[in-house]
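A.B. asks: Generate coordinates for the entire structure from the input sequences, incorporating the hints supplied.
If you read the sequence shown in the numbering used here, its first letter stands for residue 2, the second for the next number, and so on.
The set of hints was computed from the structure by calculation and includes no laboratory data. Among the hints, erroneous ones may be present.
As the list claims (entries may be wrong) - With a cut-off of at most 27 angstroms between alpha-carbon atoms, the simulated DSSO-like pairs for lysine-lysine come out as follows: (1) 359 with 329; (2) 281 with 181; (3) 359 with 334; (4) 281 with 329; (5) 76 with 108; (6) 195 with 334; (7) 149 with 195; (8) 153 with 181; (9) 329 with 235.
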Amino acid sequence: MEMGDWKKFGIIGASLAVVGASFFLGIGVGYVNRPAVEKVVNVLNKETTKPAEIDFSLFWDVWQKVETGYVDKSKIDRSKLVEGAIAGMVRSIGDPYTIFMPPQETKEFQQEIKGSFEGIGAEIGIRGGVLMIIAPLKGSPAESAGLKAGDKVLKIDETVTAELSVEQAVRLIRGERSTKVKLTIFRENDGEPKEIIITRDTIVVPNIQTEVKNGIFVLRLSHFSESSPTDFRKAVGEFRGSGATKMILDLRNNPGGFLAAAVDIASWFLPAGDVVVTEKWSDGNQEIYRSRGYRELESTPVMVLINQGSASASEILAGALRDQRGIKLVGEKTFGKGSVQELKELRGGASLKITIAKWFTPSDKSINENGLEPDIVVEAATSTEAADPVLEKAFDLLR
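C.D. replies: If you want it as structure tokens, here you go:
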């Protein structure tokens with residue numbers, strides 16, 4: 002994604018953090034002291050109750066051959082060798098959301114979660130091994146250039162995306178304001194790929210927009226940021242003062258964000274104690290997040306709009322409102338991003354973003370890869386249509 006997944010705070014698996022540290026420690030000792038490194042590995046195995054049978058000899062054999070045999074030794078950067086080894090180890094898991102980030106990537110990620118960066122303003126992800134647009138941000142260069150949720154990104158400038166991680170794609174797409182990037186896009190039903198040239202700009206992540214239309218309060222939530230709970234509280238005040246009695250909650254092209262924000266916003270619609278989402282880990286343990294019961298919107302008639310750009314925290318909120326209150330979902334199937342990532346800071350400014358759990362709706366349906374099917378299927382308007390058929394259908398249903 003052009004904007005990284007938002008971090009979730011908590012405790013990360015200590016064993017994985019130690020594995021990353023062992024690589025750094027091993028290189029610090031150096032190849033000459035390889036036995037000392039192997040002792041560190043044995044200590045690691047003992048501490049993590051794993052059998053001391055992991056053989057690093059192949060790793061060190063390759064390291065030696067690179068250092069002694071590579072033709073251009075001046076280009077060998079030991080720190081990059083280490084980063085590459087760690088990145089490859091993490092990538093071998095096969096989870097596009099679990100990644101090692103060197104210091105510069107970590108710095109860029111931290112800028113993203115503060116809500117401002119330079120790029121094209123599109124959330125991207127990998128589904129079925131293909132890089133694709135999850136959602137263009139409203140008012141962004143990506144939206145202005147015509148990118149749509151579900152577009153497959155085949156090339157970034159002249160780089161084929163097939164072997165890129167999300168973070169590598171982010172680095173290629175982002176850049177200084179006023180510079181250009183060319184994306185080769187394949188869109189279902191178009192037949193042939195097409196090139197779209199986009200001028201980068203400073204992207205400020207939008208949050209909430211409201212309006213009263215046809216006597217119904219329309220609330221568009223673009224992202225689940227740190228400020229979303231406060232902004233939503235203000236929007237509830239606007240709803241109260243608008244005279245409207247019904248609401249449309251538009252989560253289309255909302256790629257998600259902070260779990261805490263989704264739980265807080267759900268608390269306006271659900272009674273205290275209602276399950277919002279369940280987080281399940283590989284060891285069988287789980288954590289249940291419940292509504293705080295703010296009460297204001299508990300009896301308000303609501304329709305929720307979704308599409309394939311609705312992901313992560315959007316799916317949590319939509320799934321909770323449907324399961325607990327029977328609120329209808331209108332539009333298209335959601336993206337299916339139902340896994341939990343956590344950011345762990347490492348030495349030297351690097352970090353590890355790792356998937357630690359998966360999300361399940363109150364009815365115990367897995368969001369991850371499955372997504373949410375709408376109750377009322379309405380396809381989005383084509384580029385030649387001025388109307389918004391999804392929104393219009395929600396108006397009709399509420400009326």
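A.B. asks: Now, for every hint given, state plainly whether the structure supports it.
C.D. replies: Results of checking the hints against the structure:
no. : hint         : in the structure
1   : 359 with 329 : holds, 24 angstroms
2   : 281 with 181 : violated, 42 angstroms
3   : 359 with 334 : holds, 19 angstroms
4   : 281 with 329 : holds, 26 angstroms
5   : 76 with 108  : holds, 25 angstroms
6   : 195 with 334 : holds, 25 angstroms
7   : 149 with 195 : holds, 13 angstroms
8   : 153 with 181 : holds, 19 angstroms
9   : 329 with 235 : holds, 24 angstroms
Hint 2 from the earlier list is the only one contradicted by this structure; the remaining hints agree with it.
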